[in-house]
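Visitor: The residues making up each chain are set out below.
There are 2 protein chains.
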Amino acid sequence: MSLLERIAACHGWRPENHRPFVVDGAAVGNTSHGFARLLSDFSPCFQVSDRAVVLNPDLDGFATRSEAVAEVLLRLRDKGDLGGWRDEPYPVVRRWGEPPFLQIERAAVPRFGVRGFGVHLNGFVERADGLQMWIGRRSRNKPTGPGKLDHLAAGGQPVGIGLRRNMIKECGEEAGIPEALAARMISVGAVSYCCERPEGLRDDVLYCFDLALPEDFRPVNTDGEVEAFYLWPIEKVVETLRAGDDFKFNVALVIIDFLVRRGLLEADDPDYPAIVEGLHQRG
Amino acid sequence: MSLLERIAACHGWRPENHRPFVVDGAAVGNTSHGFARLLSDFSPCFQVSDRAVVLNPDLDGFATRSEAVAEVLLRLRDKGDLGGWRDEPYPVVRRWGEPPFLQIERAAVPRFGVRGFGVHLNGFVERADGLQMWIGRRSRNKPTGPGKLDHLAAGGQPVGIGLRRNMIKECGEEAGIPEALAARMISVGAVSYCCERPEGLRDDVLYCFDLALPEDFRPVNTDGEVEAFYLWPIEKVVETLRAGDDFKFNVALVIIDFLVRRGLLEADDPDYPAIVEGLHQRG
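Residue numbers (this note's numbering), protein chains in the order written: chain G, 7 to 289; chain R, 7 to 289.
Treat the hints with care, since some could be wrong.
Chain copies aren't distinguished; within one or between two, either way the pair holds.
Straight-line Cα separation of at most 25 Å, DMTMM-like style, residue types lysine to aspartate or glutamate; simulated pairs [said to hold, decoys possible]: (1) Lys175 with Asp275; (2) Lys242 with Glu221; (3) Lys242 with Glu132; (4) Lys85 with Glu73; (5) Lys175 with Asp277; (6) Lys175 with Glu272; (7) Lys175 with Asp274; (8) Lys148 with Glu202; (9) Lys175 with Glu233; (10) Lys154 with Glu241.
These are calculated hints, taken from the structure and not from any lab test.
Model the full structure from these sequences, guided by the hints.
Guide: This is the structure we're talking about:
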């Protein structure tokens with residue numbers, strides 16, 4: 007078993023199973039044929055052909071587009087065709103920070119295959135006897151990855167809040183990290199990937215943060231999303247990553263990026279070139 | 007001025023100015039039309055059409071291909087059509103470590119637009135009054151980037167030597183770093199880019215290493231490739247990167263990656279998403 011399998015799980019999708027989702031002349035996502043068929047009931051909002059799903063160009067501007075699509079998504083939800091409703095608006099945009107074409111409910115992001123954004127925290131303790139990392143186990147009730155191993159704190163990135171502010175907020179909610187402590191985190195880059203998952207096409211960029219925690223820190227979950235926390239020697243984290251898919255698929259990618267940045271993987275390992283390439287989406 | 011300009015200088019090439027270079031059915035590079043015309047004199051080794059430059063498929067295996075191409079390249083050199091000869095064999099391969107299709111002289115790598123590999127060292131000092139980085143100024147006699155600012159040590163990656171071993175060797179030659187000290191370096195990932203430069207198409211992956219140096223360390227150049235060394239506060243490095251193109255184009259990319267990994271750029275900086283995306287080639 008190898009870290010490469012964790013990398014591979016984050017990449018690879020079949021364009022032939024999808025149609026481009028086009029807004030204002032730009033291909034902003036990729037919609038499965040099944041979801042495209044559902045959308046074909048909602049003309050003239052969506053113009054669905056065999057080749058593409060086009061948001062009606064007469065819908066002009068952020069607010070108009072967002073309202074029209076929200077109406078469709080609510081009807082899909084009420085018919086039972088859109089599960090996992092979160093009531094969190096996500097921007098439809100190719101790069102974080104650019105002006106979004108519209109905003110849509112989070113649950114619909116992978117259905118349209120538009121880019122999703124998230125923030126992940128590597129929370130670790132630098133002890134005299136070695137590096138240790140805080141790991142969470144996700145609640146069995148989470149809609150994605152129930153029971154999987156996770157970061158100390160992580161979350162999706164909705165509209166209307168900065169990346170750092172959102173990460174600090176997740177630190178409080180998921181792990182009870184006081185704001186003064188969370189504010190010591192540093193931003194250390196991003197990983198990106200595109201893959202087919204049960205919830206749809208995940209075309210994601212995750213912004214990564216590192217936080218060195220004091221030895222006496224103990225996390226406390228406050229939002230019911232975490233079942234347990236563990237403080238593991240980094241060797242146990244690596245061993246668990248290599249052994250199987252106990253970690254949520256994208257958490258594995260962020261931790262492998264951490265291992266690379268900390269020099270814990272050796273450049274001459276035969277898998278190294280593919281691992282470092284696989285931390286960032288290509289093409 | 008901004009770091010984004012340094013990123014932009016490493017990306018963007020015009021496919022319409024190139025033809026795919028095909029070996030054993032695989033597109034392994036992109037050759038300019040001008041260089042393709044030079045190669046058309048060397049049939050049957052090269053089969054040159056308007057659409058591609060194909061290495062004769064009858065040339066089977068690494069050794070046969072390498073010898074046939076070497077003969078052509080020597081004749082181009084002797085005619086004055088291939089400058090900057092280094093006498094260093096480079097592998098023709100899409101990913102470092104995979105079995106190479108053939109090997110070619112380093113000077114020809116950007117002419118064929120095949121992937122090139124290198125190793126770069128961020129050499130720094132963590133002082134009580136702040137982080138400082140060792141910077142070199144390239145000799146005015148270097149074939150690429152004469153007089154530009156550079157890393158403490160860096161070099162191309164030829165065949166027949168590991169990445170780490172090559173980096174340690176460059177540390178000795180370029181900066182007189184004793185092997186015992188250089189061996190403390192850690193491997194921290196890679197940057198990648200593809201752009202047109204005077205020497206041809208640079209489609210490169212640079213493996214990055216970090217080395218924390220003691221305060222009393224002083225570099226000594228032993229191979230005549232470095233004119234001077236400077237120990238600069240990291241703020242001065244950033245300021246110089248922002249101010250213009252004093253740094254060699256790809257050195258800027260590796261230092262920006264260092265700044266990102268060390269948390270010296272803030273996630274909510276409007277340029278941050280494009281900067282972290284631009285450290286790795288896309289598509």
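Visitor: Check Lys242 against Glu132 for me: Cα-Cα at most 25 Å, and say if that holds within a copy, between copies, both or neither.
Guide: within (15 Å within a copy, 30 Å between copies)
Visitor: For Lys148 vs Glu202, is the C-alpha pair at or below 25 Å within one copy, between two copies, both, or neither?
Guide: within (19 Å within a copy, 48 Å between copies)
Visitor: Between copies, within a copy, both or neither: which fits Lys175 and Asp277 at Cα up to 25 Å?
Guide: between (36 Å within a copy, 23 Å between copies)
Visitor: For Lys85 and Glu73, with the copy left unspecified, which applies at a CA distance of at most 25 Å: within, between, both, or neither?
Guide: So Lys85 and Glu73 pass the 25 Å test inside one copy only (19 Å; across, 68 Å).
Visitor: Could you place Lys175 and Asp275 in one of the four classes (within, between, both, neither) given a Cα distance threshold of 25 Å?
Guide: between (38 Å within a copy, 19 Å between copies)
Visitor: With identical chains treated as interchangeable, where does the CA-CA distance between Lys175 and Glu233 reach 25 Å or less: within a copy, between copies, both, or neither?
Guide: within (19 Å within a copy, 50 Å between copies)
Visitor: Between copies, within a copy, both or neither: which fits Lys175 and Glu272 at Cα up to 25 Å?
Guide: Close across copies (17 Å), not inside one copy (35 Å); limit 25 Å.
Visitor: Quick one: Lys242 to Glu221, C-alpha cut-off 25 Å, is that within a copy, between copies, both, or neither?
Guide: This pair counts as within: shortest intra-copy Cα distance 18 Å, inter-copy 35 Å.
Visitor: State whether the alpha carbon distance between Lys175 and Asp274 is at most 25 Å within one copy, between copies, both, or neither.
Guide: between (39 Å within a copy, 15 Å between copies)
Visitor: Tell me, please, which holds for Lys154 and Glu241 at an alpha-carbon limit of 25 Å: within, between, both or neither?
Guide: Within one copy only: 19 Å inside a chain, 41 Å across chains, cut-off 25 Å.
Taken one by one, the earlier hints all hold for this structure without exception.
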